[in-house]
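**Student:** If you want the building blocks of each chain, they are given just below.
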Amino acid sequence: MNQSRAQRWVLGFFVLLALVMLSAPTVVVMGASVSAGRMIAFPPEGFSLQWYGKILAASDLRQAFGRTLVVALICTAVALPVGTLAGIALAKFRLRFAGAVQVYLLLPFTVPLIGSGIGMMLAFGKMGILGQLWPVGIACAVINLPFMIWAVTASAAALDPDLELAAANCGAGRVQTFLSVTLPAVTPGIITGSLLMFILAMNEFLVSLLLVDARIVTLPVQIYNSIRSIITPDLAAISVVFIVMAALAIALLDWLVGLDIFLKSK
Amino acid sequence: MRPSRAEYPYRWRLMDRLEAAADRLFPRRWSRWTGWLMLAPALLLVAVLLIGLVQIADASLHTLDRKTFRTSAAYSLDNYRAALDQGVYLAVLWRSVLGAAIVTLLTLLLAFPYGYVMVRTRSSNLRKLLLIALFLPFFIGQVVRAYGWLIILGNGGLVNDLLGLVGVPPQRLLFNYPAVLFGLVQYMLPFAVLMLAPALTAIPEETEAAAGSLGANWLRTLWHVVLPMARPGLVGAGLVVVSLTLTDFAMPAILGGGGQDFIANAIYDQFFRTSDQGLGAALTLLLVGIGSLVVGAVFTAFGAGTLAMGRART
Numbered sequence: 001m002n003q004s005r006a007q008r009w010v011l012g013f014f015v016l017l018a019l020v021m022l023s024a025p026t027v028v029v030m031g032a033s034v035s036a037g038r039m040i041a042f043p044p045e046g047f048s049l050q051w052y053g054k055i056l057a058a059s060d061l062r063q064a065f066g067r068t069l070v071v072a073l074i075c076t077a078v079a080l081p082v083g084t085l086a087g088i089a090l091a092k093f094r095l096r097f098a099g100a101v102q103v104y105l106l107l108p109f110t111v112p113l114i115g116s117g118i119g120m121m122l123a124f125g126k127m128g129i130l131g132q133l134w135p136v137g138i139a140c141a142v143i144n145l146p147f148m149i150w151a152v153t154a155s156a157a158a159l160d161p162d163l164e165l166a167a168a169n170c171g172a173g174r175v176q177t178f179l180s181v182t183l184p185a186v187t188p189g190i191i192t193g194s195l196l197m198f199i200l201a202m203n204e205f206l207v208s209l210l211l212v213d214a215r216i217v218t219l220p221v222q223i224y225n226s227i228r229s230i231i232t233p234d235l236a237a238i239s240v241v242f243i244v245m246a247a248l249a250i251a252l253l254d255w256l257v258g259l260d261i262f263l264k265s266k
Numbered sequence: 001m002r003p004s005r006a007e008y009p010y011r012w013r014l015m016d017r018l019e020a021a022a023d024r025l026f027p028r029r030w031s032r033w034t035g036w037l038m039l040a041p042a043l044l045l046v047a048v049l050l051i052g053l054v055q056i057a058d059a060s061l062h063t064l065d066r067k068t069f070r071t072s073a074a075y076s077l078d079n080y081r082a083a084l085d086q087g088v089y090l091a092v093l094w095r096s097v098l099g100a101a102i103v104t105l106l107t108l109l110l111a112f113p114y115g116y117v118m119v120r121t122r123s124s125n126l127r128k129l130l131l132i133a134l135f136l137p138f139f140i141g142q143v144v145r146a147y148g149w150l151i152i153l154g155n156g157g158l159v160n161d162l163l164g165l166v167g168v169p170p171q172r173l174l175f176n177y178p179a180v181l182f183g184l185v186q187y188m189l190p191f192a193v194l195m196l197a198p199a200l201t202a203i204p205e206e207t208e209a210a211a212g213s214l215g216a217n218w219l220r221t222l223w224h225v226v227l228p229m230a231r232p233g234l235v236g237a238g239l240v241v242v243s244l245t246l247t248d249f250a251m252p253a254i255l256g257g258g259g260q261d262f263i264a265n266a267i268y269d270q271f272f273r274t275s276d277q278g279l280g281a282a283l284t285l286l287l288v289g290i291g292s293l294v295v296g297a298v299f300t301a302f303g304a305g306t307l308a309m310g311r312a313r314t
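Chains as they are written, first to last, in the numbering used here: chain A, 1 to 266; chain B, 1 to 314.
Treat each hint with caution, since some may be false.
Unchecked claim - Which residues of chain B face chain A? A few of them, derived with a C-beta cut under 7 angstroms, are:
| id | residue |
| --- | --- |
| 1 | L25 |
| 2 | M38 |
| 3 | A42 |
| 4 | L105 |
| 5 | L106 |
| 6 | L108 |
| 7 | Y114 |
| 8 | V119 |
| 9 | F139 |
| 10 | Q142 |
| 11 | L194 |
| 12 | F249 |
Worth flagging that the hints you see were computed from the coordinates, not collected in a lab.
Heads up, the beta-carbon is just placed ideally off N, CA and C, and yes, glycines get one too.
Full structure from sequences and hints, please.
**Tutor:** Right under this line is the structure:
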């Protein structure tokens with residue numbers, strides 16, 4: 001790429017600005033979490049792991065973390081098969097009303113989160129299942145389903161339909177064709193989608209806030225409630241838990257499918 | 001001439017069983033419905049959302065009796081009248097719409113160069129760095145990020161410390177409109193870049209080189225070649241950013257400190273502070289309506305851009 005000097009400078013400036021903006025909160029939270037002082041501060045006053053010891057001892061935080069994991073697992077377990085099948089169907093079949101189906105399946109994205117959240121709060125309330133954890137997981141699966149479908153369709157679109165015909169021609173039945181040709185081809189999409197679903201459900205805040213009560217708060221809601229009262233460094237230590245999970249997810253994604261998958265043109 | 005059992009592996013037998021079961025459960029002559037069968041679970045799951053919307057619509061038609069704190073049995077449109085009459089909601093609506101517009105512009109301005117460099121760079125290390133820097137905040141969630149900004153922008157925070165070094169008295173950087181917009185731009189940046197990147201990848205580098213060899217400088221190439229060709233990505237990114245910003249809750253709540261409410265915060269307050277479910281539901285439905293109108297208008301004008309799923313993309 002032959003870039004003029006001016007172009008380099010302009011691009012470099014914007015990219016640097018974006019990099020600083022993107023990374024600043026993460027860096028600061030990590031720094032503040034190892035502060036030896038009693039107040040939240042960055043740069044930290046000395047180094048200590050006292051706040052990590054504190055959050056390990058706090059059973060309410062541990063329970064909130066456990067509940068968040070359960071929600072994320074339920075969300076992934078529901079969205080994975082549902083989104084995979086829908087994604088393959090959308091990419092492979094020429095369906096009648098495909099446009100309408102698409103608009104309908106994009107609803108979780110176009111309906112504002114506050115709307116979906118309050119709607120499900122009212123609906124779950126009527127069904128009498130509010131105050132349990134699994135409806136929160138279902139709700140997360142509903143609102144994030146488009147991500148799963150996108151991930152799968154992106155892979156499925158790259159699958160040559162002739163391969164499936166060839167498999168059938170060699171005597172494979174429908175189940176076998178699906179299991180040994182179609183499914184492996186979309187596996188990168190399934191992995192990407194599932195990781196996204198898991199992480200997004202871990203972090204889901206507004207819908208959780210609407211659907212949980214004081215007995216079953218999830219970790220993001222717990223952090224939000226604490227921020228509103230008083231900001232102490234132990235919050236930074238809990239936040240680092242999220243940062244570590246995010247880093248793990250990225251490493252896993254890069255290892256299994258490569259981060260470059262997001263740069264592919266559809 | 002059926003092979004003997006020993007030659008016929010277990011796996012094959014299992015597969016035969018599965019095929020037979022599939023043939024019985026879903027005969028081949030139904031195969032034109034296979035696509036719909038595969039779609040059915042997703043359609044059902046999203047139906048939960050529709051049920052919710054119906055519930056909201058129902059709730060919005062019952063007014064709250066302020067004396068008894070019971071909702072009326074009769075249906076009326078009073079809540080909508082109340083929502084549209086009160087100037088306070090129009091102010092909140094204006095703040096959200098203006099905020100969404102500013103945030104979208106700023107986000108696209110930052111996201112475009114970022115995505116461009118990420119896609120075009122020859123250095124795979126730089127690409128990886130940019131991708132990781134993008135995904136880390138994306139995977140961390142709004143609350144934690146807002147918490148980071150609280151530490152950075154607070155009265156005794158990093159920025160004020162730095163300002164103090166050059167002799168500037170502490171500034172109030174938090175709990176105002178710019179702080180909320182700033183937090184939102186940072187929140188939206190990964191979404192925007194991820195929607196833009198596929199469209200940028202699809203632009204052949206040769207086209208840019210051709211424009212250059214015909215005498216266009218990089219600004220003209222950008223304006224006449226890259227930007228028009230990146231339109232699906234810009235549409236997708238813009239849509240996502242507008243709709244998520246317009247309806248955001250966490251950033252105005254945390255970085256706005258209660259004085260910078262967006263529509264979602266006003267709705268939340270109706271449900272949980274004032275306990276006026278009807279009015280809250282009416283506001284929610286109005287928001288859903290506005291959002292759908294915006295998205296629908298963009299879809300009709302520009303197509304679904306990079307938002308499209310599968311074959312039906314335009």
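**Student:** Min Cβ distance, A42 of chain B to chain A: is it shorter than 7 angstroms?
**Tutor:** Hint holds; A42 of chain B Cβ to chain A Cβ min 4 angstroms, cut 7 angstroms.
**Student:** Would the hint on L194 of chain B be counted as holding, given a Cβ-Cβ threshold of 7 angstroms to chain A?
**Tutor:** Hint on L194 of chain B: holds, closest Cβ of chain A at ~6 angstroms, below 7 angstroms.
**Student:** Per the CB criterion, is L25 of chain B less than 7 angstroms away from chain A?
**Tutor:** Violated, about 11 angstroms.
**Student:** Min Cβ distance, F249 of chain B to chain A: is it shorter than 7 angstroms?
**Tutor:** 5 angstroms, holds
**Student:** Return the status of the interface hint for Q142 of chain B: holds when the least beta-carbon distance to chain A is below 7 angstroms, violated otherwise.
**Tutor:** It holds, given that the least Cβ distance between Q142 of chain B and chain A is near 6 angstroms, below 7 angstroms.
**Student:** Checking hints one by one. Is L106 of chain B an interface residue toward chain A, by the C-beta closer than 7 angstroms rule?
**Tutor:** Nearest chain A Cβ about 10 angstroms off; hint violated.
**Student:** Tell me if V119 of chain B is really an interface residue toward chain A, meaning its C-beta lies closer than 7 angstroms to one of theirs.
**Tutor:** 6 angstroms, holds
**Student:** Taking the least C-beta to C-beta distance, is M38 of chain B closer than 7 angstroms to chain A?
**Tutor:** 4 angstroms, holds
**Student:** Min Cβ distance, L108 of chain B to chain A: is it shorter than 7 angstroms?
**Tutor:** 11 angstroms, violated
**Student:** Classify the hint on L105 of chain B as holds or violated, based on whether any CB of chain A lies nearer than 7 angstroms to its CB.
**Tutor:** 14 angstroms, violated
**Student:** Classify the hint on Y114 of chain B as holds or violated, based on whether any CB of chain A lies nearer than 7 angstroms to its CB.
**Tutor:** Holds, because the Cβ-Cβ distance from Y114 of chain B to chain A comes to roughly 5 angstroms (cut-off 7 angstroms).
**Student:** Does F139 of chain B meet its interface restraint, that is, does its C-beta lie within less than 7 angstroms of any C-beta in chain A?
**Tutor:** Holds. Min distance 3 angstroms.
Violated hints for the displayed structure, listed by number in ascending order: 1, 4, 5 and 6.
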